[in-house]
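Trainee: Chain residues, written in single-letter form:
Protein chains: 2
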Amino acid sequence: MRRSNLALVLRRLGSHGARSRAGIAADTGLNKATVSSLVAELVERGLVREGELDRAGSVGRPGKSVELDGRCVGGIGVEINVDYLTALVLDLTNTVLFEQRVALDVQALPPEDVLDAVAELTSRAVRECRRRDVLPVGVTVAIPALVDVESGVVAFAPNLHWRDVPVVRGMADRLTGLLAEQPMPIRVANDANLAALGEFAMGSVAGTTDLVYLTGEIGVGGGVIVGGRLLGGAEGFSGEIGHIQLDPRGHECGCGRRGCWETLVGLAGMLRLAADADDPVSDPSLDLDQRLDMIGRRAETGDRRTLDALEEVGAGLGVGASILINVFNPRVVVLGGYFASLGPYLLGPMMAELRSRVVAPDIGGCRVELSTLGFAAASRGGANVALEAVFDDPALVPVRTSVRSSG
Amino acid sequence: MRRSNLALVLRRLGSHGARSRAGIAADTGLNKATVSSLVAELVERGLVREGELDRAGSVGRPGKSVELDGRCVGGIGVEINVDYLTALVLDLTNTVLFEQRVALDVQALPPEDVLDAVAELTSRAVRECRRRDVLPVGVTVAIPALVDVESGVVAFAPNLHWRDVPVVRGMADRLTGLLAEQPMPIRVANDANLAALGEFAMGSVAGTTDLVYLTGEIGVGGGVIVGGRLLGGAEGFSGEIGHIQLDPRGHECGCGRRGCWETLVGLAGMLRLAADADDPVSDPSLDLDQRLDMIGRRAETGDRRTLDALEEVGAGLGVGASILINVFNPRVVVLGGYFASLGPYLLGPMMAELRSRVVAPDIGGCRVELSTLGFAAASRGGANVALEAVFDDPALVPVRTSVRSSG
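In order, the protein sequences belong to chains A and B.
Take the first sequence: its letters are residues 0 to 406, numbered as in numbering that gives the first Met the number 0.
Take the second sequence: its letters are residues 0 to 406, numbered as in numbering that gives the first Met the number 0.
Just so you know, the hints here were simulated from the structure itself, not pulled from any lab data.
It should be emphasised that the depicted structure is a prediction, and the values quoted were computed from it without experimental measurement.
Among these hints, one or two may not hold up.
[Claimed, not checked] Calculated from the model, a selection of chain B residues having no Cβ within reach of chain A, i.e. all distances over 12 Å:
# : residue
1 : D163
2 : A298
3 : N325
4 : P397
[As the list claims (entries may be wrong)] Coverage of chain A stretches by chain B, computed from C-beta distances (three or more under 8 Å per stretch; other residues unrestricted):
#  : region
5  : 27 to 39
6  : 76 to 89
7  : 104 to 115
8  : 241 to 247
9  : 304 to 316
10 : 380 to 392
[Said to hold, decoys possible] Where chain A lies over chain B, by a calculated footprint (3+ residues, C-beta under 8 Å):
#  : region
11 : 150 to 160
12 : 225 to 232
13 : 363 to 370
Virtual Cβ for every residue (Gly too), placed ideally from N, Cα, C.
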């Protein structure tokens with residue numbers, strides 16, 4: 000009971016900002032003495048601190064407000080993608096404490112070597128937490144794959160050529176020493192699902208309870224928020240949208256079929272249209288952001304081939320997205336990954352297809368927005384999942400040995 | 000507080016069957032005196048009755064059990080389809096009290112005339128309730144359409160050629176006298192969504208929290224249960240799956256596009272493959288069940304054209320369903336409408352497509368099942384929605400003027 004009340008108070012401060020104890024009591028229905036005791040415990044655990052005087056709406060003596068103290072705990076999100084790894088640490092107020100990207104040709108390496116690099120990057124994030132006196136509360140690994148979330152196993156990652164890789168166990172084995180000093184849960188989940196959670200938690204469309212997130216990378220991934228909750232599916236395998244077959248006579252796909260959506264709008268499909276194989280924008284050893292900048296500059300200067308390619312990709316985005324809009328009737332479709340970088344050239348033709356293909360009037364009231372989190376959405380979502388565990392049970396965070404009395 | 004406790008007790012009896020007062024107290028955490036008082040009120044409202052002695056697991060004096068008294072309230076579900084109307088009354092235990100189907104060429108009539116017929120059929124259902132001393136607690140109209148559930152307006156029904164028809168207001172206008180005597184809410188919703196709720200509440204897959212329901216009629220409709228709740232979408236327009244484009248070079252669709260899923264597997268598409276236009280199975284003036292029986296008999300006797308047609312439709316079902324399984328990862332896909340009637344011939348080719356197209360191993364643990372509710376699923380779901388309101392707030396049902404003391 001006390002644990003769930005601690006959670007209630009912490010979540011309230013997280014979602015609504017600073018508040019006096021009396022205000023919290025009024026908001027939650029708990030009595031003032033209980034709130035004071037809960038707040039004291041949250042302060043001891045380093046999750047809450049005394050804030051400014053709260054005069055809003057009060058008639059009597061203004062109470063001192065308390066607020067989330069973001070600085071003491073960190074959630075770690077790590078992303079494995081086709082040609083890079085990312086690690087990111089968020090504090091409880093979603094401030095980025097650490098972010099690092101490492102180029103890595105994941106497709107060319109055995110999973111064991113990739114996990115070595117992921118573990119090394121994770122250690123760096125944990126060391127950075129310690130340097131700042133921040134308690135790391137969990138690591139979530141995002142990966143473009145079908146993931147059995149319960150067992151922590153990647154069942155199948157077509158673009159990485161992984162099958163049945165026990166990622167959580169592999170990470171735990173590599174981080175034994177670190178986890179002995181600093182026990183924390185390790186999770187693994189589909190990257191687009193985590194990115195959807197990231198957008199829902201802190202993107203420009205944060206709080207939109209019905210949203211479809213699409214990410215354009217080598218593959219095309221999807222994550223869906225339905226009624227404020229991530230669509231997981233019966234076994235966690237939902238959101239596999241890249242292999243929707245749009246044309247039975249289309250290009251051959253890595254999956255062995257033809258005309259999958261990602262052959263049309265995935266990074267490789269776009270590059271095939273936009274440039275020759277020996278063009279630097281097609282060179283996977285160069286940084287992706289640089290290559291996308293080059294394409295953007297060509298489009299800006301009116302290069303015909305580039306503009307035609309983006310027109311075709313935008314239309315293809317609309318064809319596939321119309322299916323998802325007909326199925327889900329979301330409030331927003333968020334375009335992530337490279338779709339966000341080149342969005343201004345994709346949106347026009349995409350919207351034209353949506354208007355002609357979505358059955359509901361006015362495309363069911365759906366907007367299309369470009370992700371402001373970009374390629375960082377998945378690692379942010381992963382860090383967020385780690386932090387959510389603290390909001391669910393603040394007692395996971397131990398009482399700090401030295402708490403300075405403040406105020 | 001008392002209202003929500005009344006609901007708690009009623010729902011417990013609804014989902015778990017007969018129980019002693021002491022057992023209910025143990026199940027719900029309410030104290031025994033409160034439970035006795037709540038049960039007494041539910042008995043007065045005619046929703047609960049005294050039952051058998053409950054000896055299960057008791058060590059002391061066996062308590063008398065109480066159970067749901069289904070007989071006193073009725074939920075009414077009415078379905079408008081392309082060539083028929085159905086009305087159905089369910090009591091609180093989901094027993095069918097009344098069911099009637101009326102052939103009507105809905106496409107050929109103006110909406111006003113159709114609503115006249117729907118109102119007349121509804122009145123008949125209400126009269127039947129009264130004859131049995133059953134209180135009608137609500138009417139839900141199911142319709143193959145995009146429905147604005149909040150305002151009770153059918154925005155667009157492609158196969159009925161309806162646009163912006165205010166169904167709830169139209170019904171209320173026609174039933175003024177009846178509603179004056181017997182006020183009750185009228186609702187309208189998409190037929191496949193209601194059918195999915197019907198399957199979830201009382202079909203062979205009842206209680207499966209992640210399911211996709213597909214109905215094959217003139218159109219192809221879908222309803223999806225995600226985590227135990229109906230997928231509604233931001234504006235109630237979800238589940239529009241019939242117009243997923245499977246082949247840009249396919250048959251022309253009523254919607255103006257080409258190769259929509261329903262051109263391949265809708266009733267008209269199946270009939271085009273299975274029979275000539277002058278074949279009695281293609282005659283819309285004959286009863287649909289009879290026509291489907293004829294097709295089933297031809298398949299049974301090995302008629303080549305029929306078998307080839309069903310093979311092709313089954314494969315088409317698999318192609319489209321693979322998209323939904325990749326997106327939702329449901330536990331079960333339920334085939335309703337004519338898909339259920341001819342299911343034994345469709346399942347083989349459908350499963351073959353699913354196995355080759357679903358990305359998750361073992362098609363994500365998904366089963367395909369034939370609806371046992373068949374064409375009645377939507378009206379059952381509609382009746383169920385009306386009854387849910389009673390489970391949510393039993394005080395909607397007035398205290399009966401004459402309650403016989405029982406037991």
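Trainee: Honestly, which of those hints from before does the structure not fit?
Mentor: The structure conflicts with hints 1, 3, 5, 6, 7, 9, 10, although it agrees with all the remaining ones.
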